[in-house]
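Asker: Each chain is listed here by its residues.
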Amino acid sequence: MGRSILLSSEANVDFMIHGVFEYELFGQKLWITTSHICLFIVVMIIFGFAVAANRAMKKATEVPGAFQNVVELVVEKLDGMVAGTMGKNAPKFQNYIGTIFIFILLSNFSGLLGLRPPTADYGVTLPMGILTFILIHFNQFKHQTPKDIWVGMCSPLPPWLPIWFPINVISEIAVPISLSLRLFANVLSGTVLMALVYGLLQKFALIWPAALHVYFDLFSGAIQTYVFCMLTMTYVNNAIDSDG
Amino acid sequence: MKSYLYFKEEIIMDFNENFILGCSAIGAGLAVIAGIGPGIGQGIAAGHAAAAVGRNPGAKSSITSTMLLGQAVAETTGLYGLLIAFLLLFLKPLLP
Numbered sequence: 194m195g196r197s198i199l200l201s202s203e204a205n206v207d208f209m210i211h212g213v214f215e216y217e218l219f220g221q222k223l224w225i226t227t228s229h230i231c232l233f234i235v236v237m238i239i240f241g242f243a244v245a246a247n248r249a250m251k252k253a254t255e256v257p258g259a260f261q262n263v264v265e266l267v268v269e270k271l272d273g274m275v276a277g278t279m280g281k282n283a284p285k286f287q288n289y290i291g292t293i294f295i296f297i298l299l300s301n302f303s304g305l306l307g308l309r310p311p312t313a314d315y316g317v318t319l320p321m322g323i324l325t326f327i328l329i330h331f332n333q334f335k336h337q338t339p340k341d342i343w344v345g346m347c348s349p350l351p352p353w354l355p356i357w358f359p360i361n362v363i364s365e366i367a368v369p370i371s372l373s374l375r376l377f378a379n380v381l382s383g384t385v386l387m388a389l390v391y392g393l394l395q396k397f398a399l400i401w402p403a404a405l406h407v408y409f410d411l412f413s414g415a416i417q418t419y420v421f422c423m424l425t426m427t428y429v430n431n432a433i434d435s436d437g
Numbered sequence: 117m118k119s120y121l122y123f124k125e126e127i128i129m130d131f132n133e134n135f136i137l138g139c140s141a142i143g144a145g146l147a148v149i150a151g152i153g154p155g156i157g158q159g160i161a162a163g164h165a166a167a168a169v170g171r172n173p174g175a176k177s178s179i180t181s182t183m184l185l186g187q188a189v190a191e192t193t194g195l196y197g198l199l200i201a202f203l204l205l206f207l208k209p210l211l212p
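So the sequences go chain by chain: A and B. Mapping of the first sequence onto the working numbering: residues 194 to 437, in sequence order. Mapping of the second sequence onto the working numbering: residues 117 to 212, in sequence order.
Treat the hints with care, since some could be wrong.
No more than 35 Å apart at the CA atoms, straight line, and that leaves these computed lysine-lysine pairs for DSBU-like [stated by the list, open to error]:
no.	chain 1	residue 1	chain 2	residue 2
1	A	340	A	281
2	A	285	B	176
3	A	335	A	270
4	A	251	A	222
5	A	281	A	252
6	A	281	A	270
7	A	270	A	285
8	A	396	B	208
9	A	285	A	222
10	A	222	B	208
11	A	281	B	208
12	A	340	A	285
13	A	222	A	281
14	A	270	B	176
15	A	251	A	270
Read the hints as simulated data drawn from the structure, not as lab findings. Note that the structure is a prediction, hence the values are computed from the model and not measured.
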């Protein structure tokens, strides 16, 4: 009865998050799960790349070597992407957007290494959505007067008639939820599909799943990374200089 | 007599669980119908993008990136349906 009906009993389908190590904190049972471990591996890869890039840029040459060239290309592309969307507000956010872009991209690509992508865990994507939410509203309160915000929140009707205020509040709260659920569901659907292919067609899943990996891990992952960063930038840009 | 009653109760419990699982499967199938909407929307976006490239072939790269962005956003509603289906099939929230 414990098994799900979709999957027959013999099938070796596994895409769930597993607990690895149990510990107690303030009387609360907590787990180190597989997504923590995959997250750690991804972060260590990024950390190694960052250290290597730092070392390469410290002794940067006029004519760049191979690795320096790659680092410059990555930074230039990311900065160009932020500058193309945010215009004059770009310099403040290039660091954050670049960081989050590289992190989500490598998390999505980590399915290629046989890891379970950390972004297929809602506990990873929801904090990123909440970070975006905080960024939006911090910048809104920093760059707009409270009166502008009030007028914006009552927006289709005049400010003395706040009937639309609750609806606008709901639409503000929906932003981080939809951002994080979009990323999570995309990566999760890819993970589940790959697990089904590998689990149900064990001997026949030989070389052709590579094509599925290209679509679900590379293409879909890159698109969703781009979308997440693009929407974050658009929302923050709107919060900084909206007309009310 | 008592053991017989217990047995019968167990059968009823088993039937209830199976019934709930079957209904969850039907619900998951119904939830995935949500994929129709994004399919139509993405098709419309792709069609308009193709028309735009036909009218202005020079702007192909920016049209493509705009189209992909819009399609990825439109995909979200379908993914909500998919998430509900996953919840019903694998986490089985309706089981007692």
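Asker: Next step is simple, just say for each hint if it's right about the structure.
Answerer: Each hint, compared with the structure:
1. A threshold of 35 Å between alpha carbons decides the hint, and for residue 340 of chain A with residue 281 of chain A the separation of about 24 Å falls inside it, so the pair holds.
2. The hinted pair formed by residue 285 of chain A and residue 176 of chain B meets the criterion: a straight-line CA distance of about 30 Å does not exceed 35 Å.
3. For the suggested pair residue 335 of chain A and residue 270 of chain A, the alpha carbons sit about 29 Å apart, so the restraint of at most 35 Å is met.
4. Distance restraint check for residue 251 of chain A and residue 222 of chain A: the Cα-Cα separation of roughly 45 Å exceeds the 35 Å cut-off, and the hinted pair is therefore not satisfied.
5. At roughly 31 Å between alpha-carbon atoms, residue 281 of chain A and residue 252 of chain A fall within 35 Å of each other, so this suggested pair holds.
6. A distance of roughly 17 Å separates the Cα atoms of residue 281 of chain A and residue 270 of chain A; the hinted pair therefore holds under the 35 Å criterion.
7. Using a Cα cut-off of 35 Å, the hinted pair residue 270 of chain A and residue 285 of chain A holds, with the two alpha carbons roughly 16 Å apart.
8. For a cut-off of 35 Å, the pair hint linking residue 396 of chain A to residue 208 of chain B stands: about 30 Å separates their Cα positions.
9. At roughly 40 Å between alpha-carbon atoms, residue 285 of chain A and residue 222 of chain A are farther apart than 35 Å, so this suggested pair is violated.
10. Between residue 222 of chain A and residue 208 of chain B, the direct Cα distance comes to roughly 23 Å. Compliance with the 35 Å bound is thereby established for this hinted pair.
11. Distance restraint check for residue 281 of chain A and residue 208 of chain B: the Cα-Cα separation of roughly 49 Å exceeds the 35 Å cut-off, and the hinted pair is therefore not satisfied.
12. Between the alpha carbons of residue 340 of chain A and residue 285 of chain A the distance comes to roughly 25 Å, so the proposed pair stays at or under 35 Å and holds.
13. Between the alpha carbons of residue 222 of chain A and residue 281 of chain A the distance comes to roughly 48 Å, so the proposed pair goes past 35 Å and is violated.
14. The hinted pair formed by residue 270 of chain A and residue 176 of chain B meets the criterion: a straight-line CA distance of about 19 Å does not exceed 35 Å.
15. Pair hint residue 251 of chain A plus residue 270 of chain A holds up; C-alpha atoms about 20 Å apart against a cutoff of 35 Å.
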